[in-house]
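The primary structure of each chain is shown beneath.
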Amino acid sequence: MSVRALIVAAGGANYGSLREACRRVGVDAELSDDPARVAAATHVILPGVGAAAQAMEALRTRSLDRALRELRRPLLGVCLGMQLLYEHSAEGDVEGLGLLRGRVRRLPAAPRWPHMGWNTLAPRVADHPLLRGIGRDDWFYFVHGYAADEGETTLAAAAHGAPFAAVVARGHVHGAQFHPEKSAAAGRRLLTNFFAL
Amino acid sequence: MLARRLIPCLDVADGAVVKGVRFRDHRVVGDVIELARRYAADGADELVFYDITASPERRRVGVAWVERVARELDIPFCVAGGIRSVADAEAVLAAGADKVSINSPALARPALVDELAARFGSQCVVVGIDVDAQADDHGTWRVVADSGKPEQASDSGRDLLAWVREVDARGAGEIVLNAIRNDGVRSGYAHMLLDAVRAATDLPLVASGGAGAVEHFGEVFERCGVDAALAASVFHAGEIRIGDLKRYLAARGIVVRP
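First to last, the sequence lines map onto chains H and S. Residues 1 to 197 (full-length UniProt numbering) make up the first sequence, in order. Residues 1 to 258 (full-length UniProt numbering) make up the second sequence, in order.
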């Protein structure tokens, strides 16, 4: 089946970079906030720039929260988009989509806050297709102040003071706390892997 | 482990990259897209585009060039200059910038920092701070406003460290400290200023102004605990290649993204 990718564009900014990044790996992604379009896509990316409470509100007012919960095709939450996959975020004390078990909290013990810059991953599972060809020597660009703790869904952790979940997966639901669209070659690799799911 | 970042700063005027000494005497050094592409390929961790014509002349940052840069780059970039409101920032971020940097408009109206942080998140909000300090001025540093145009530059009346703590409390996500006296002079970063700011905040701190040799980068990372070092002329002139600089820093034991 050919890829019909969609980037959920609900009231934030900076979808252009993500769309360009998809184009660089040969995927022409549609930008949409229409739940019906989300349901029809083969691969859905949930980006997020901003604060969790406003982002959830933007999803709810467009009924996108329901569309995302009902999705059975590969979903990738990026940065704040990954945080929204969880049950709750301490940023604005807001309920998330609940697709992943756990809570997002302010990065504990961070020597600098927010966590901003290039960091490496510590893979926690072997051979997940989302991390194919990605190892400890690959660098990814992070910009965030909140994160989920490591758990059973963690494919790779990163550390900034304390370790946190950097790449997660449970069934068709995936998340990356970094920005693949800003992570040069390593980011292209992750997007390529996602679209191959 | 988080890598220390190297950030070429491209001063943009009418779509061209320019560089002056101590903010004066600007001359064209290259095309925006061409330089952006070159720096990304060379291993730059991030780029800052400072629209030097936007801020003093009260003109909004045009977003067409920001869109072109966003299409070219797969590393993060920040746009500075001319951002005075949430609407200004929204235009630049929607065009593909990852962060906006504000300086004089924040001095004129500090609540702008709160508004941007509430709307876009602290991670999008960089506050640039210009200081014109003598080495023996210790403890009495004042923030300079409107330094983009020397004839309009003025003492903001604000104490440097008090301003750093204030923008931190208001929700800034990063501070770029630019030592005007060191800018373009290439005699090294302003260690004393950076040490003082480092002690005043846990925010990511970017050193700006004074880089002239690879040793200056090594020194500022080792001595001042800065998270990133920004430079312009040494990179634009090709005197220091980012790749070479990273190999030098790595050999010195500083964590960088190869």
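Bear in mind the hints are in silico, worked out from the structure with no lab data behind them. It is possible that part of the hints are untrue.
[What the hints assert, rightly or not] Cβ pair distances, simulated, as ranges:
#  : chain 1 : residue 1 : chain 2 : residue 2 : range
1  : H       : Asp149    : S       : Glu151    : 50 to 58 Å
2  : S       : Ala251    : H       : Asp149    : 46 to 54 Å
3  : H       : Thr42     : S       : Val185    : 49 to 57 Å
4  : H       : Arg24     : S       : Thr140    : 32 to 40 Å
5  : S       : Ser85     : H       : Thr61     : 42 to 50 Å
6  : H       : Arg23     : S       : Met192    : 43 to 51 Å
7  : H       : Val125    : S       : Asp202    : 30 to 38 Å
8  : S       : Met192    : H       : Thr61     : 48 to 56 Å
9  : S       : Glu166    : H       : Arg60     : 19 to 27 Å
10 : H       : Asp149    : S       : Ile254    : 39 to 47 Å
[Said to hold, decoys possible] Per the computed footprint, the stretches of chain H lying under chain S, defined by three or more beta-carbons under 8 Å from a beta-carbon of chain S, are:
#  : region
11 : 18-28
12 : 36-43
13 : 115-124
14 : 179-185
We treat Cβ as the ideally placed atom computed from N, Cα and C, and that holds for glycine.
So, going through the hints one by one against the coordinates:
1. H:Asp149 to S:Glu151: 50 to 58 Å: 54 Å, holds
2. S:Ala251 to H:Asp149: 46 to 54 Å: 36 Å, violated
3. H:Thr42 to S:Val185: 49 to 57 Å: 56 Å, holds
4. H:Arg24 to S:Thr140: 32 to 40 Å: 50 Å, violated
5. S:Ser85 to H:Thr61: 42 to 50 Å: Violated - the Cβ-Cβ distance for serine 85 (chain S) and threonine 61 (chain H), about 24 Å, lies outside 42 to 50 Å.
6. H:Arg23 to S:Met192: 43 to 51 Å: 47 Å, holds
7. H:Val125 to S:Asp202: 30 to 38 Å: Because 33 Å falls inside the window, the suggested range holds.
8. S:Met192 to H:Thr61: 48 to 56 Å: 51 Å, holds
9. S:Glu166 to H:Arg60: 19 to 27 Å: 35 Å, violated
10. H:Asp149 to S:Ile254: 39 to 47 Å: Violated - the Cβ-Cβ distance for aspartate 149 (chain H) and isoleucine 254 (chain S), about 30 Å, lies outside 39 to 47 Å.
11. 18-28: Since three or more residues must qualify, the claim that chain S covers the region 18-28 of chain H holds, with 3 doing so at under 8 Å.
12. 36-43: Our answer is that it is violated, as 0 residues pass the Cβ test (under 8 Å) against chain S, missing three.
13. 115-124: That given contact holds, which follows from 6 residues of the region 115-124 of chain H lying within Cβ reach (below 8 Å) of chain S.
14. 179-185: Satisfied; 5 residues make the cut.
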